[in-house]
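Undergrad: Chain by chain, the residues:
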Amino acid sequence: DTGVSQDPRHKITKRGQNVTFRCDPISEHNRLYWYRQTLGQGPEFLTYFQNEAQLEKSRLLSDRFSAERPKGSFSTLEIQRTEQGDSAMYLCASSHTSRTSGGQAYNEQFFGPGTRLTVL
Amino acid sequence: KQEVTQIPAALSVPEGENLVLNCSFTDSAIYNLQWFRQDPGKGLTSLLLIQSSQREQTSGRLNASLDKSSGRSTLYIAASQPGDSATYLCAVDSGAGSYQLTFGKGTKLSVIP
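Chains as they are written, first to last, in my numbering: chain S, 1 to 120; chain W, 1001 to 1113.
Please keep in mind that the hints were generated in silico from the structure rather than gathered at the bench. A few of these clues could be false.
What the hints assert, rightly or not - The list that follows gives simulated cross-link-like pairs (lysine-lysine, BS3-like), each with its CA atoms no further than 25 Å apart:
hint: 1; chain 1: S; residue 1: Lys14; chain 2: W; residue 2: Lys1042
hint: 2; chain 1: W; residue 1: Lys1001; chain 2: W; residue 2: Lys1105
hint: 3; chain 1: W; residue 1: Lys1042; chain 2: W; residue 2: Lys1108
hint: 4; chain 1: W; residue 1: Lys1001; chain 2: S; residue 2: Lys11
hint: 5; chain 1: S; residue 1: Lys57; chain 2: W; residue 2: Lys1105
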């Protein structure tokens, strides 16, 4: 279990440019999530995949944002025409349904190290 | 809409003290609650997950409790150490087919040697 990985760890770009981030989840996890975190705030949900299907999108995910998970493994998050307000830490998480010894289901999310985006 | 609040926003304690971090949520219909640790500029490390049917969960010096009816959870840290210094985040999974976590803003803990 190598954990969730994200690439790049840091990205500096100029306003108006497009950027793409990658997330590799824990190998057996079928669910993958993207969150955004700004300074002094908790992470905010952006979108969620179950296998390759994008099942939920937040209102925060404007039409400049697009996420894919083409084969149900890694995922990419693209931001087009970046704005200074997009500067944040972008966090990826993954999970699958686990069960306790008593058979109760639970869903624990594991996070990657994040990609810090700075838009100049 | 679920809202999560964490009090206090910051806490400073001398090494060796026991301490409690608080988390409250507005909608008691939750699937589970997770406590995370975040070091500056880093990702989140999952500490404990409490299922909605559980009252508490323990891992080493950490103990998390859950009172769904009052919309509260606490994270108890025993015998604090300087290495515990970090921001602690509480997050709620409200279930109903949506697995998104709703986070509080966190409590920044400083343990003074």
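Undergrad: Each of the hints needs a verdict: does it hold here or not?
TA: A quick look at each hint next to the structure:
Proximity of Lys14 of chain S to Lys1042 of chain W is assessed by CA-CA distance (about 23 Å); at most 25 Å being required, the pair is judged to hold. Annotation: proposed proximity of Lys1001 of chain W to Lys1105 of chain W holds, straight-line Cα distance about 16 Å (limit 25 Å). Restraint check for Lys1042 of chain W and Lys1108 of chain W: satisfied, since their Cα atoms lie roughly 14 Å apart, inside the 25 Å limit. A C-alpha spacing of about 33 Å is found between Lys1001 of chain W and Lys11 of chain S, which places the hinted pair above 25 Å, so the restraint is violated.
For a cut-off of 25 Å, the pair hint linking Lys57 of chain S to Lys1105 of chain W stands: about 21 Å separates their Cα positions.
Going down the numbered hints, you'll see the structure goes against just number 4.
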